[in-house]
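**Q** Okay, here's what each chain looks like letter by letter:
2 protein chains.
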Amino acid sequence: MSVDKAEVFNLKEWTTKVKAFDIIAGGHIILLNEEEAMQNGVYPNYRVELHKGKERGVAVVDLTSELVKPGEIGIFKEVAADLKLKNGDKIHIHHITRPPSLDHIKKKMDGNSLKRDEVHRIIKDLMDNYLSQAELSAFITSVYIRGLTDDEVIYLTEAISQSGDILDIGKKPVVDKHSIGGVTGRVTMVMVPILAAAGLWVPKTSSRSITSAAGTADAMEVLAPVDIGIEELKEVVLKTNGAIVWGGGMNLAAADDKLIQIRHPFSLDPKGILLASILSKKKAVGADNVVVDLPIGRGAKIQDAKVAKALARDFIDISKRLDMRTEVLITDGSDPIGTGIGPALECVDVFKVLEGEGPRDLRDKSCVLTAKLFEMTGKAKPGAGFAMAEKLIDSGKALSKFREIIESQGGNGKIRIDDLPIGSYKHEIIADKSGRVHHVDNKILSHLARAAGAPIEKGAGLRLHCERGDKVYKGSVLFEIYAESESKLDFAIKAYEGGWNPIELQKIVLDSVK
Amino acid sequence: MSVDKAEVFNLKEWTTKVKAFDIIAGGHIILLNEEEAMQNGVYPNYRVELHKGKERGVAVVDLTSELVKPGEIGIFKEVAADLKLKNGDKIHIHHITRPPSLDHIKKKMDGNSLKRDEVHRIIKDLMDNYLSQAELSAFITSVYIRGLTDDEVIYLTEAISQSGDILDIGKKPVVDKHSIGGVTGRVTMVMVPILAAAGLWVPKTSSRSITSAAGTADAMEVLAPVDIGIEELKEVVLKTNGAIVWGGGMNLAAADDKLIQIRHPFSLDPKGILLASILSKKKAVGADNVVVDLPIGRGAKIQDAKVAKALARDFIDISKRLDMRTEVLITDGSDPIGTGIGPALECVDVFKVLEGEGPRDLRDKSCVLTAKLFEMTGKAKPGAGFAMAEKLIDSGKALSKFREIIESQGGNGKIRIDDLPIGSYKHEIIADKSGRVHHVDNKILSHLARAAGAPIEKGAGLRLHCERGDKVYKGSVLFEIYAESESKLDFAIKAYEGGWNPIELQKIVLDSVK
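If you're matching them up, the sequences are chains G and D in order. Per our numbering, the first sequence starts with residue 1, numbered consecutively. Per our numbering, the second sequence starts with residue 1, numbered consecutively.
Hints were generated in silico from the structure; no laboratory data involved. Careful: at least some of the hints might be erroneous.
Claimed, not checked - With a straight-line cut-off of 20 Å between C-alpha atoms, the simulated SDA-like cross-links for lysine to any residue are: (1) Lys106(G) - Lys86(D); (2) Lys171(G) - Glu235(G); (3) Lys69(G) - Lys352(D); (4) Lys86(G) - Glu66(D); (5) Lys301(G) - Asp103(D); (6) Lys106(D) - Gly147(G); (7) Lys124(D) - Lys90(D); (8) Lys379(D) - Lys397(D); (9) Lys86(D) - Gly57(D); (10) Lys107(D) - Gly147(G); (11) Lys271(G) - Lys106(D); (12) Lys106(G) - Ile260(D); (13) Lys86(D) - Asp103(D); (14) Lys301(G) - Lys443(G); (15) Lys107(G) - Lys271(D); (16) Lys86(D) - Gly147(G); (17) Lys124(D) - Pro265(G); (18) Lys352(D) - Lys271(D); (19) Lys77(D) - Ser65(G); (20) Lys77(D) - Gly249(G); (21) Lys86(G) - Lys77(D); (22) Lys106(D) - Arg146(G); (23) Lys107(D) - Glu235(G); (24) Lys379(G) - Ser395(G); (25) Lys84(G) - Gly164(G); (26) Lys77(G) - Glu66(D); (27) Lys471(G) - Gly435(G); (28) Lys77(G) - Gly57(D); (29) Lys77(G) - Glu36(D); (30) Lys77(D) - Lys379(G); (31) Lys107(G) - Phe491(D); (32) Lys397(D) - Leu238(D); (33) Lys301(G) - Leu268(G); (34) Lys106(G) - Ile302(D); (35) Lys106(G) - Pro70(D); (36) Lys106(D) - Met109(G); (37) Lys86(D) - Leu102(D).
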C-alpha cells in the first residue's frame, strides 16, 4: 500500500458553501477558514481537489480567519469559472493524491528517457492543475540540462497538440508560417492574403506581444476582432481561405501557454521544448506545410549560422515524423522590417504593400516566404513562386482578399489607410549630426514604442525614416514617435533622451585601449 | 544599457492606498485593480516592488475588478506584516528589476561552479522575495543534477546561517545533536537534560512534525511553551544550561525553510543542500560540537551502509571547515525507539527513562549519543562517556535538570507522569494469531497516530506493547490507540482495519512462484 495514501486521513471530505470572490488569482486558488483548515492538516499552499458533481479541479489553498467561516470555502474567479460554481453551491474537497507525473519528472531529472505514456501523463497532470509552478519548473530545468531525445520531442509535441482543441477544416493543403524570435508581425499580415488569394488554406493563429511593441494579433486587432472562437475561425477560413486570429483566445495546444510561463525568466528554450512548442500549435491547426523564418544576426535570438542550420535540420526532421512538411529559410534578422512599429503603424505598412507600394523589404520578405509555400504545395513550379506572389499583389487580388478576411472576421473590410487610428500626438526625432546609419536596434525600437503606449494603445509607436546603410544629415528626421496622449508622448521622449536611442551611426573609433 | 531596464517604463511609480485583507496567502501577494494594472502592463503573477519609506518588499500580483478600485492596492496579511502597513497608508509600487541571482542560477544550470558572492546573492534574493517558486525550484533541480562542490556547500551553509538571526550565548562548549531522517524526538528530550546537567551548553532547536506523529517541538510543547523568541531562549539556556524549543518560531537559518518547501514534493535532498541545511542551523545557534545520528535499515531514509558512511564523511569534513567538530554514529533505524508514539505518550517515555526505568532502547540510545558528546568535549575520557551519562540519570540529576528547564521555559516543572494529558479514548489492538514479530513499521505507526489526531491533538497516538523479536500470542495486546475524541478513535481504528497494520509477524512462506 502506498504510503502517500495516508494523505487522505487528515482531511475528511467535507461539504462547504461557495462564496465567490472577485479576484483573478493568476492560478487556481481557494480560501479556507484558517482554524478549520489547520485542524484538518491543511496549510497555505497545500493543494486540494474540489468536486462538484462531475466537475473536478485542483486548487491551491489560502487561509483566512475573517473572510470565510468554518464550513465555507472562498472561491476565486478562475476556480469558479472552471467548475461552474456560484455562491451557495455545495462542493467536496479533499487532499490531492500524488500525481504520477512527479515520478516521471524525477526520472528525467535523473537523466533517463521518458516513454510516450510518461510524457503524456506530465502534460495531462499539468492541464489538470496537479503540478505546481515549482514542479513544472523542475521538469523544464531537467529537460534543459538533460535534453530530450527525438522520440521524446515527438511524444511531447503530440501531447501538447492534443492538450486543447483541434482545428480540422476538412480541406488541404493547410499552410502555416513561423518566425523564431523575429519581429515580423507585418510579414504575416501580408502573406496570409496572398496565400489565401492563391487558394491555399491558411488559418493563422498568432500571439499578442509579450515584450515587443506589437504581436501579430495586436496589429490585426486594429482591423478586426481577433479574439474569436475556434468555430468562428473555421467559418472564416472556409469562406475566405484565410484568417489572422489570436491563438490565446482559443484552446489550441493549451499546455504550451503553461510551459511558457516557466521558461520565460531564464529565457529557457531547451531545443526540444522549443520545437515541441512550435510544432504542437501547427499540428493543432492541421497544418501540413510549414515555412519557418529563422532570422540570425545582431539583435536576433540566434547569432551563429551553424547553430541556426542545426536547429533548422531538427525542425525539418521532427516535423516530418509528425506528418508535416517543413522548410526553413535562414534570413538576416539584424534589421527591422518595414517602417512602422506599433499596431496601427504596422497596419499602414501592410496596406501600402498590398497596394503595390510600401516598404520594399516588407514586400520582398513576404514574397520570399510565400513563394516557398507555393513551391512546397505545388501551387507554383520550383523557382516560380516569387513571381506568383508578386503577381497576386500587383493584380490587387491579395488586397481584395485581405479586405474579405477583415470583413469576414467582423471588421470593416472597406477601411482606408487614412482611417487607420495612428496616434494624434507626434514628435519628430532629429539627427544632431551627420553620418551613415550603422545599425537600427530592434529591441530599443520596441522599448520606445512601448514607452509610447504600444501595444495596449494601438495608435502608439514609431515610424522610421531611415534604415541601415542610409546616409543621414544633421537636422533630418530619423524617426517619429506617435502616442495617444501628451503624457505618453512625453514619457517616450524622456526615454529617448535618457539614452534609449535605436539609431547607431557609424563610429570612427570603435574602442580605445590604455 | 541593459535591456531589462525597460521594465521600468511601463509601470510608473504610483501612490496607492492600502486596503488590508485578512488573507494569509502563503506568499507575498497584493491585489491590484484589473484595468489599472493592465494599462500599466502588469498581469497576474507579475512581481512588483513595494516601497513605504524605508520598508521595501516584493510581492506577486493578483487582479480584481471589484474589490480594489484604481488608485487602491489590496494587501494580504504577509505583506502588511512585512512592511508594517495599515489601511490608508500610501505606498509606491513599480516593476521589479531582474534579480542578479537568476544569472547565477542559470550558471549552475549550465554546470558551472558558483563563487562565494554568487551563492550569497541567491540566498539574499530568496530572502528578499525576489525569487518565485519556479525560479527557486530551477535552482534546486540544477543543484540536484549538477551537484555542489565542497566549496559551494561551504558558501551555501554560510549564507543560510547568516540569513536569519544568530544565537550567541557567549559560553562554550555549545553542543548539538542531529538525526537524519529518524523518528527520535524522545531521544532529544532525554539527552538535553543529561547534557545540561553535566554543564555543557545545549540550546536545542527542533522542528514540528511534517509527516510524523510528533516532532520534538510538538512533544516538548506538552510540558512547556516552545514558541519562544531568541532572547528568551538565551535566558533559559544561561539559567539552566539547556532548552528544547521550536526553531520555526525563531528566525534562525531562515532561508532553509524556504528551500525545504521546494525540495519536498520530489524528496530532493541533493547531498550538498542537505548538508548546508543541517549545518547552517547548527552554525546559527553557535554549536561547536555536533553528534549526528544516522539511522540505516528498513524504513529509514538511507538503506545502504556505504552511502551512509560517505554521507558521514562529508558531514565531518564540511563541518570542520566551518569550525565545528562533528562525529557520526550510524545506528539501526529499522525499529521505533520507545513505546509511545504521539506528543504526550512520548513524554511518558521520557519521564520514565529519566526516572531510571522506562524503555531500555530509549535509555541506551540516548546515553550512547550523549556519551559521544561527553568524549568530544573532554567532559569524559574516551570510553567513559556512557557511564557518565547513566550516572546522571540514575542519580536523578538529569530529571531535576529536566524539571528546571521545563519551569524556566514557562511550563510546570513539578508535573507528574499521571498528569500527562494522554487521550481519554483508548482502544486495544489484539493479536488475532500467534507468531514472532518480524518488523514494526515506523511509517505506518506515524500514519495511525496521525489518524488518531496526533500531533495537533497532543494526547493522541499509540502505545506499543511489543517489539521486533517478541513472540506474541493470539489474544494479547499488540498496541493501544489513544485519541481525544470518539470520532478520531473510530477513524484510526477504521484505518487499522483498512489495512494499516504496523506489526508484521514472521511469515512461513515469503513468496510463491508459478
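**Q** Take the hints in turn and mark each one as holding or not.
**A** Evaluated hints:
1. Lys106(G) - Lys86(D): Violated - the C-alpha atoms of Lys86(D) and Lys106(G) are around 44 Å apart, more than 20 Å.
2. Lys171(G) - Glu235(G): 12 Å, holds
3. Lys69(G) - Lys352(D): 43 Å, violated
4. Lys86(G) - Glu66(D): Judged against 20 Å, a Cα distance of about 17 Å means the pair holds.
5. Lys301(G) - Asp103(D): Distance of about 18 Å is within 20 Å: holds.
6. Lys106(D) - Gly147(G): 15 Å, holds
7. Lys124(D) - Lys90(D): Cα-Cα ~27 Å, so violated.
8. Lys379(D) - Lys397(D): With a Cα-Cα distance of about 16 Å, the restraint between Lys379(D) and Lys397(D) holds, given a limit of 20 Å.
9. Lys86(D) - Gly57(D): OK: Lys86(D) and Gly57(D) at ~15 Å, within 20 Å.
10. Lys107(D) - Gly147(G): Roughly 17 Å separates the two Cα atoms, so the pair holds.
11. Lys271(G) - Lys106(D): Between Lys271(G) and Lys106(D) the Cα gap is close to 16 Å, so the pair holds against 20 Å.
12. Lys106(G) - Ile260(D): 17 Å, holds
13. Lys86(D) - Asp103(D): 36 Å, violated
14. Lys301(G) - Lys443(G): The hint holds at about 11 Å.
15. Lys107(G) - Lys271(D): Judged against 20 Å, a Cα distance of about 18 Å means the pair holds.
16. Lys86(D) - Gly147(G): 49 Å, violated
17. Lys124(D) - Pro265(G): With Cα atoms ~18 Å apart, Lys124(D) and Pro265(G) stay inside 20 Å; holds.
18. Lys352(D) - Lys271(D): This hinted pair is violated, its Cα atoms lying about 37 Å apart.
19. Lys77(D) - Ser65(G): Holds, at roughly 11 Å.
20. Lys77(D) - Gly249(G): With Cα atoms ~34 Å apart, Lys77(D) and Gly249(G) exceed 20 Å; violated.
21. Lys86(G) - Lys77(D): 26 Å, violated
22. Lys106(D) - Arg146(G): Within the cut-off at roughly 14 Å; holds.
23. Lys107(D) - Glu235(G): Given that 20 Å is the threshold and the Cα spacing comes to 49 Å, the pair is violated.
24. Lys379(G) - Ser395(G): 18 Å, holds
25. Lys84(G) - Gly164(G): Status holds; Cα separation ~19 Å.
26. Lys77(G) - Glu66(D): Answer holds: Lys77(G) to Glu66(D) is near 12 Å, not above 20 Å.
27. Lys471(G) - Gly435(G): Roughly 6 Å between the alpha carbons, so the hint for Lys471(G) and Gly435(G) holds.
28. Lys77(G) - Gly57(D): The hint is violated at about 26 Å.
29. Lys77(G) - Glu36(D): 18 Å, holds
30. Lys77(D) - Lys379(G): Measuring from Cα to Cα gives roughly 64 Å; hence the hint is violated.
31. Lys107(G) - Phe491(D): 36 Å, violated
32. Lys397(D) - Leu238(D): 18 Å, holds
33. Lys301(G) - Leu268(G): Answer holds: Lys301(G) to Leu268(G) is near 12 Å, not above 20 Å.
34. Lys106(G) - Ile302(D): 18 Å, holds
35. Lys106(G) - Pro70(D): 44 Å, violated
36. Lys106(D) - Met109(G): Holds: Lys106(D) and Met109(G) sit about 16 Å apart, inside 20 Å.
37. Lys86(D) - Leu102(D): 32 Å, violated
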